[in-house]
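Chemist: Next come the chains, spelled out residue by residue.
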Amino acid sequence: MSHHKLATDRISGLPDEILCHILSFIPTKQAIFTSILSKRWIHLWRHVPALYFINKKLNSSQDIHHFNQFVKAVLHSRDNSLSSHSINTFFLDIQYDVSKLLYYDNPSSITNINNWVNLAVQSKIKYLYLYLHARLKCETIPPKLPASILSCTTLVVLNLSWFYVDKVSPFPLRFPSLKTLDLKDMNFDKCQDFMLLLDGCPVLEDLQLSYIHFIQSFRHFDFEQFENSSLRKLKRAHITDCYFHFPMKALANVEFLRIELWKGYLPDGFPTFHNLTHLAVNYDCNLAVQVLQHCPKLRNLELYPKLKYAWRDEYITKDDEELVPICLSSSLTTCTIRDFVSTTLESLIMLATFIMKKARVLKTMTIWSNRKRFSEIESKLSSFPRASATCQLSFQFINLYDT
Amino acid sequence: MAEEKSQASSSKMLTLKASDGVLFEVELNIAKEMKTVQAYIDDCEDIETIPIPNVLGKHLAIVIEYIKKTNEEYDAEFEKQWNMDDLQLLLLAANYLNISGLQECLCKAIAKRIENKSPEYVRKVFNIENDHSPEEEAKLRKEYKWAFEGVDKD
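Protein sequences appear in the order of chains F and C. Take 1 as the starting number for the first sequence in the numbering used here and just add one per residue. Take 1 as the starting number for the second sequence in the numbering used here and just add one per residue.
Think of the hints as simulated: they come from the structure by calculation, not from any bench. Some clues are possibly wrong.
[As the list claims (entries may be wrong)] Straight line, CA to CA, 25 Å or less: simulated PhoX-like cross-link-like pairs of lysine-lysine:
#, chain 1, residue 1, chain 2, residue 2
1, F, K39, C, K112
2, F, K126, C, K112
3, C, K32, C, K17
All of these numbers come straight from a predicted model, not from anything done at the bench.
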């Protein structure tokens with residue numbers, strides 16, 4: 001008897017809701033295709049509570065026009081269905097060539113984004129992702145953030161890339177449900193606008209900031225006016241490429257912190273990070289040691305270089321037990337050090353040996369470097385006396401030119 | 001006496017019987033993650049063996065392991081181990097047993113595997129029978145012409 005493997009249509013055994021849920025994770029354009037799979041699938045895409053538009057090739061006015069028409073057609077098609085009001089996710093990821101499209105001369109392209117966002121906000125959207133990428137954007141200003149976002153109280157996740165925010169009015173319960181905020185390449189008019197935005201996120205758990213700029217000049221203490229009650233529930237924070245003094249006391253409760261320190265931060269500005277177990281910080285700044293002093297329960301430390309300067313021995317001037325951060329001797333179990341093209345071998349080894357000498361409960365020390373430097377690093381470190389008997393040394397190979 | 005009872009219930013074991021007869025002993029708190037099982041327990045308090053008629057032993061084992069181990073890291077690696085057939089059967093199981101976390105994980109995994117693939121590929125992978133007549137299909141393609149333009153053949 002021949003052995004047939006029967007091909008069974010299993011997916012049809014699932015209810016419409018689940019099929020729609022699967023479709024909510026793929027681009028809307030593709031979801032529409034599923035209408036031709038079989039009779040059952042004809043209308044499913046209209047009930048998907050997510051709109052997901054990705055287009056990286058908007059290089060001409062014609063491209064933009066086609067894209068606008070596409071989105072308009074999708075919204076129109078859904079308009080007639082009963083569930084047109086239940087959109088919980090709106091995801092827009094587009095890249096346009098600024099040199100070919102001076103959008104401030106062509107206002108219709110951005111006006112459309114405003115209209116789409118307004119529709120999403122009206123539909124009580126929860127997950128909003130707006131990623132704009134402008135090629136050759138160095139001398140251009142980003143488009144203005146649709147104002148309706150700032151009063152959308154249903155948001156749970158808000159991820160924005162490449163917008164200009166001009167005025168944020170005081171509104172303490174602006175985002176009562178917002179748990180994740182990810183801002184990249186954002187221009188704020190004044191630092192107060194940025195602070196007011198953060199002040200309106202009482203239950204925020206995850207914060208990512210990179211390349212945040214302020215049009216108007218600011219002073220260090222402008223950020224000190226931060227309300228102590230804000231961001232109390234924050235668990236994770238990533239702050240990179242931000243050259244202003246983020247109020248560190250707002251981060252006091254975080255469990256995970258990735259931060260790029262630069263010399264503008266003051267050592268007495270750091271609170272005790274009493275929940276912090278994982279810290280990623282740049283080691284080319286003497287403040288890294290200061291931060292470690294404030295992390296009594298740190299278990300996992302990642303050290304990477306950001307600027308040109310290397311770790312210097314004077315960051316720990318004495319072998320004084322008092323100056324050695326407590327976490328090194330009592331809680332640190334994992335340490336990762338990343339090598340970089342401008343880091344000298346000597347300083348990398350100094351840093352690694354300093355930690356191995358002090359970290360009494362260290363289990364793993366991992367060095368990320370290239371194959372060329374590996375053998376010398378390995379020979380110097382493997383014989384170095386370690387404070388922790390269980391400490392293992394491991395290596396990961398990388399390109400030293402990558403940051 | 002009340003203390004004894006509460007201690008016993010926290011380590012109480014239940015038996016789940018898969019469709020092919022395979023038996024699994026699980027702790028009550030694990031079983032409770034399956035809302036269908038929870039409803040069963042609520043209805044008949046003294047039950048010890050609960051039949052799971054729609055799920056094979058192989059898949060029930062995977063589901064139980066998922067409930068025990070689920071966290072961000074585990075979920076990220078979880079879906080990579082299974083082929084499309086198993087993923088679909090697991091999703092059917094998770095749907096029947098009403099385990100929201102696992103359903104979410106599996107929906108995302110299946111979506112990832114069909115993302116940017118053509119309708120023909122999706123039909124093949126799911127074994128969906130095309131019950132459209134050629135005219136109906138042509139009509140749909142025309143109606144959604146603006147969406148079908150610029151499709152990448154997989």
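Chemist: For each hint, tell me whether it holds in the structure or not.
Modeler: Results for each hint:
1. Using a Cα cut-off of 25 Å, the hinted pair K39/F and K112/C holds, with the two alpha carbons roughly 23 Å apart.
2. For a cut-off of 25 Å, the pair hint linking K126/F to K112/C stands: about 22 Å separates their Cα positions.
3. A distance of roughly 15 Å separates the Cα atoms of K32/C and K17/C; the hinted pair therefore holds under the 25 Å criterion.
In this structure, every one of the numbered hints holds.
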